[in-house]
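Residue numbers (full-length UniProt numbering): 1 to 487.
It is possible that part of the hints are untrue.
Unchecked claim - Think about it this way: if two alpha-carbon atoms lie no more than 20 Å apart in a straight line, the pair counts; the simulated DMTMM-like pairs of lysine to aspartate or glutamate are:
(1) Lys-321 with Glu-240
(2) Lys-117 with Asp-9
(3) Lys-78 with Asp-192
Source of the hints: derived by calculation from the structure; they are not laboratory data.
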Amino acid sequence: MESAGRLPDGLTGALRDGGFLQLMIDVELGGLGLSAYNAFRVLQAGASWSSPVAYSLAITNGFGSGSYLPLLPDGPLKDLISARVRAGVVSGGADAEPTGTANEHRATTAVPVDDGKFYEITGEKVFIGNAAIAGLMDVSATVGDEVRLLFVESDSPGFEVLGRHEFMGLKGAEIGRLGLHRVRVPAHALMDENEEGWRMRPGEPAAATDLGQLAALGRILVIGPPSLAVARLSLHWSREFAGRRVIDGRPLDTYEEIRHRIAQTAADVYTIDSVMLWVLHHPSAPELTAAKNITSLACWRAVDRTVSLLGGEGYETAASKRRRGVPPLPVERFFRDARALRVAGGVDFMIDRWSAETALSDIVPGVARPVPEAAGLSPSCRAHLTHLHRQAADLAAAGARPASSQRRTTVLGAIGGELLSMSIVLARADQCGDDPAAQTLADLSCRSSRRRLAALWPQLDDDPVGDLPAWDLLIRDVITDLPEGCP
1 MESAGRLPDG LTGALRDGGF LQLMIDVELG GLGLSAYNAF RVLQAGASWS
51 SPVAYSLAIT NGFGSGSYLP LLPDGPLKDL ISARVRAGVV SGGADAEPTG
101 TANEHRATTA VPVDDGKFYE ITGEKVFIGN AAIAGLMDVS ATVGDEVRLL
151 FVESDSPGFE VLGRHEFMGL KGAEIGRLGL HRVRVPAHAL MDENEEGWRM
201 RPGEPAAATD LGQLAALGRI LVIGPPSLAV ARLSLHWSRE FAGRRVIDGR
251 PLDTYEEIRH RIAQTAADVY TIDSVMLWVL HHPSAPELTA AKNITSLACW
301 RAVDRTVSLL GGEGYETAAS KRRRGVPPLP VERFFRDARA LRVAGGVDFM
351 IDRWSAETAL SDIVPGVARP VPEAAGLSPS CRAHLTHLHR QAADLAAAGA
401 RPASSQRRTT VLGAIGGELL SMSIVLARAD QCGDDPAAQT LADLSCRSSR
451 RRLAALWPQL DDDPVGDLPA WDLLIRDVIT DLPEGCP
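Can you build the whole structure from these sequences, using the hints too?
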């Protein structure tokens, strides 16, 4: 897949036969009936071998048409989706457009025709997961003055796959560009519920709706599994490399700095694992939204740290390493894949902003809560818990003030994410009681969060940045023209 840029022939059929396209679908419809957490475990295992395959599976299972069935009333739309799901359809969602996903409106339109019996959909969609292989898509379109979802079969006249996107990572993932030219769908293909709460939009809190909860769950099923897989692999590769490398006659894994770096990666793994365990057993849209950044950024720290630890071997491709006879660890490939996780489902800084707008609207400042006893925590972790409560009170006070700038809202979201991470990690360690490994990992995770928090708080009062002067000075001595014939 890395060289061909395509999923292997026959793979989709094999995944269908194994039930992997219907992990959480009811058994009555031919699915496996797994919980969200067990579906996550399956996707995480797959992502440890191939990020593109796991991505395709996550799109179908998290954003696929079958995920909407619990929200649909009995009727022709539910019957259509049920029949296609029972047949093992590959599906996905088509929302993003060339003008940018953060826009409030959609340029794609759905116009009622034939006295409202049909809609004609016209528009273009980009960065669409499973674009070339999906049989059924939910398409966002402007209907009147609302953005609504309509379900479209990919063999409909006027529905066209315009091309595949090629990225620095995720080689082989079926992510593409779609064109819709007067695609006719019956009126019942329009989902009853409007888009309120379904899309994260800047400048306003998302409404708490079942559709919004569904979107948040789908997003974390795309991001969380590969985040944990890459972080776990990074820990394994770091220990493997440090165990076989000798520097100046001394094993690399005996050096203090090396041990510290591997321990930090272990703490990142523990953090991602703990957060996913919590949000998939106690799902709420604000925490599912915040979990996207917690997991993807912890994954990025782990794999970036691993590339540095391995030095030249970290940056070298697996094929090159194989040719010269060293273990062909695919660190470079997963490094490129991991960068996509900070972009997919909303870029990291916008997730921080949306997270703040979603969660901080419910803040009640000045309500002090006693620090729980948490008898299962070690002394160092209890100290983190005390600090966490103080920081939570500070966040409540800061969040109660109207956000004076987008920058302030973004920083508040990042602070909230770190505090949520600390809360979940400490709660897990408390449940683990006298398990020394859990206490040590929670301590390391919280120490890292506190260092990041110390850097975030002063940024709340950053002055807005105006127009930057002296562009000619800053951009001199570089060639900005693209060469002719550049692909």
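Right, here's what the structure says about each hint:
1. Between Lys-321 and Glu-240 the alpha-carbon distance is near 15 Å, which keeps this suggested pair within the 20 Å criterion.
2. Proximity of Lys-117 to Asp-9 is assessed by CA-CA distance (about 39 Å); at most 20 Å being required, the pair is judged violated.
3. About 11 Å separates the Cα atoms of Lys-78 and Asp-192, which keeps this hinted pair within 20 Å; it holds.
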